[in-house]
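On the provided structure of chain A, position chain B as indicated by the hints.
If you're matching them up, the sequences are chains A and B in order. Numbering-wise (this note's numbering), the first sequence opens with residue 2 and increments by one. Numbering-wise (this note's numbering), the second sequence opens with residue 2 and increments by one.
A couple of the hints might just be wrong.
Put simply, identical chains are the same to the list, so a pair is met inside one copy or across any two.
What the hints assert, rightly or not - When the alpha-carbon atoms are kept at most 20 Å apart in a straight line, the in silico SDA-like pairs for lysine to any residue are as follows:
no.	residue 1	residue 2
1	271	87
2	271	88
3	271	116
4	271	86
5	271	121
6	147	196
7	271	122
8	271	59
9	147	7
10	147	177
11	147	135
12	271	89
13	271	60
FYI, nobody ran anything at the bench for these hints, they're computed from the structure.
2 protein chains.
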Amino acid sequence: MAEPTRHPFDEALELTQAADGLLHGRTTPAYANMVGPFGGVTAATLLRAVEHHPERQGEPLALTVNFVAPVTEGDFAVAVRCVRTNRTNQHWIVEMIQDEVTVATATAVTGRRRDTWSDTEIQAPTAPPIETVPVTGIPEFIAWAKNYEFRFAEGAVPVEGAGEVPGSTTTLWVRDRPARALDYASLAAICDVFYPRVFLRRGRMMAAGTITLTTYFHAEAHQLDAAGDNYLLATARGNKFHDGYFDQSGEIWTPAGELLATTHQLVYFKD
Amino acid sequence: MAEPTRHPFDEALELTQAADGLLHGRTTPAYANMVGPFGGVTAATLLRAVEHHPERQGEPLALTVNFVAPVTEGDFAVAVRCVRTNRTNQHWIVEMIQDEVTVATATAVTGRRRDTWSDTEIQAPTAPPIETVPVTGIPEFIAWAKNYEFRFAEGAVPVEGAGEVPGSTTTLWVRDRPARALDYASLAAICDVFYPRVFLRRGRMMAAGTITLTTYFHAEAHQLDAAGDNYLLATARGNKFHDGYFDQSGEIWTPAGELLATTHQLVYFKD
Chain A
2 MAEPTRHPFD EALELTQAAD GLLHGRTTPA YANMVGPFGG VTAATLLRAV EHHPERQGEP
62 LALTVNFVAP VTEGDFAVAV RCVRTNRTNQ HWIVEMIQDE VTVATATAVT GRRRDTWSDT
122 EIQAPTAPPI ETVPVTGIPE FIAWAKNYEF RFAEGAVPVE GAGEVPGSTT TLWVRDRPAR
182 ALDYASLAAI CDVFYPRVFL RRGRMMAAGT ITLTTYFHAE AHQLDAAGDN YLLATARGNK
242 FHDGYFDQSG EIWTPAGELL ATTHQLVYFK D
Chain B
2 MAEPTRHPFD EALELTQAAD GLLHGRTTPA YANMVGPFGG VTAATLLRAV EHHPERQGEP
62 LALTVNFVAP VTEGDFAVAV RCVRTNRTNQ HWIVEMIQDE VTVATATAVT GRRRDTWSDT
122 EIQAPTAPPI ETVPVTGIPE FIAWAKNYEF RFAEGAVPVE GAGEVPGSTT TLWVRDRPAR
182 ALDYASLAAI CDVFYPRVFL RRGRMMAAGT ITLTTYFHAE AHQLDAAGDN YLLATARGNK
242 FHDGYFDQSG EIWTPAGELL ATTHQLVYFK D
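In isolation and in its complexed conformation, chain A is listed as follows:
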């Protein structure tokens, strides 16, 4: 009997514990970006490295990933250090290394959740039902984007000749392609599926890349299980664009209106 085909996301995130104490992995062509891999898969890899750690307790609460140097296609190692275990949470420092050069750093917090008063204060964006929004592409030369189904409700990738627009909000239904049950790693990656907000504002593409990405995970494991392989509603907007940088904030929602993650990043651009 043939082995079941692994999902390309799981292939990209495969890590092997080696005798040097590091986790070893390899970038995959499926998640290639213009230069190196999709930042979302790098973020997911560093989070997965924490999840794999034998001392890890609790679920991911927060992740900050710094894109320090271009990640090149090929082998990498991940060093995970548990900085501190508290009663209810743990703090982590993670580094991705290629040829003895640190190419990405991360800090993460994992922790136990306990039932308390709760409320979601921000509002989910409005979007037409999933099936009424056509699946649209991201430019063909972006390999990683082929691993997602994008249904843009607002703020699709600007086409040739698009003019400037006054707002940088993109709202889309998105899921892994092929469909895959949601977990913290794939949620971390989905937090980075927004193409650079400056493209939308300026109506054209230009050099741009995430410098640092922070995600707060609001989903408990059972909520991820319930989300399954369905679409998620992802929305992001830029806050301030200036001097070659902009920051954006975004949220990831279930179709039922549960907020799974809030995510922020600082991006450089050359206009």
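Frame of chain A; chain B shown alone:
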């Protein structure tokens, strides 16, 4: 002639390079919180340690501080590592250590800014003129708050018997007390002046503390100079409260409507 009195903020941030390669400092009673020092002053200290580094190039762009363990009153050391120097930016890892225990970690990005297309997409909050909003206190037992003048336009600290409210937005005019010319370190601290949003929603105080704090600096040095020692308009709101945690997002503006920083944090609470 008597020496000019140093500002308490500068006293709190004093760091001395020692033979062990670490920067040595000491918490000051002026910035004490319920347990250990005000998180904002810890964030400012870690940023200042990066600013002090002889290899540092460019201005602060981003800072993530993780509050790993309670900081105790007394001596601490700060280890600063320049992970990478790129053409236009640098990546840093910073640790605060007390008695060989890491009590805070940070990653920071510094970089050169260059003139590009710019736009501030988010709107400044509306607030009455500074002089029409009375200076109000934070409860007396919070020592650090005495180092700020708070003029709450919206969402002041709930008083005894306050009920629940549906929104967690606080907007205030704030500046150092005594007044002090703004710099990146003091801006980093001001990003953490918001009392826990859950107090406002629930109408009462409870145990709460920041776990991780991320700030994006949008101000160039000349904008900080122009801001001087005037009040800043600070606003923050919670996004989702659940399972003992909430996240908040905020912005710091000049009276003229320039956005100096956007700031996000994840906070634990016990209700």
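Results of checking the hints against the structure:
1. 271 to 87: Intra 43 Å, inter 15 Å, cutoff 20 Å: inter-copy only.
2. 271 to 88: between (45 Å within a copy, 13 Å between copies)
3. 271 to 116: For residue 271 and residue 116, the Cα distance is within 20 Å only across copies (10 Å; inside one copy 46 Å).
4. 271 to 86: between (41 Å within a copy, 19 Å between copies)
5. 271 to 121: Only across copies: residue 271 and residue 121 sit 17 Å apart there, 36 Å inside one copy, limit 20 Å.
6. 147 to 196: within (14 Å within a copy, 44 Å between copies)
7. 271 to 122: Between copies only: 18 Å across, 35 Å inside.
8. 271 to 59: Classified as between; 17 Å across copies, 40 Å inside a copy.
9. 147 to 7: Within one copy only: 16 Å inside a chain, 58 Å across chains, cut-off 20 Å.
10. 147 to 177: For residue 147 and residue 177, the Cα distance is within 20 Å only inside one copy (9 Å; across copies 51 Å).
11. 147 to 135: This pair counts as within: shortest intra-copy Cα distance 15 Å, inter-copy 56 Å.
12. 271 to 89: Between copies only: 12 Å across, 43 Å inside.
13. 271 to 60: Between copies only: 18 Å across chains, 37 Å inside a chain, cut-off 20 Å.
Hint compliance for this structure: every hint is met.
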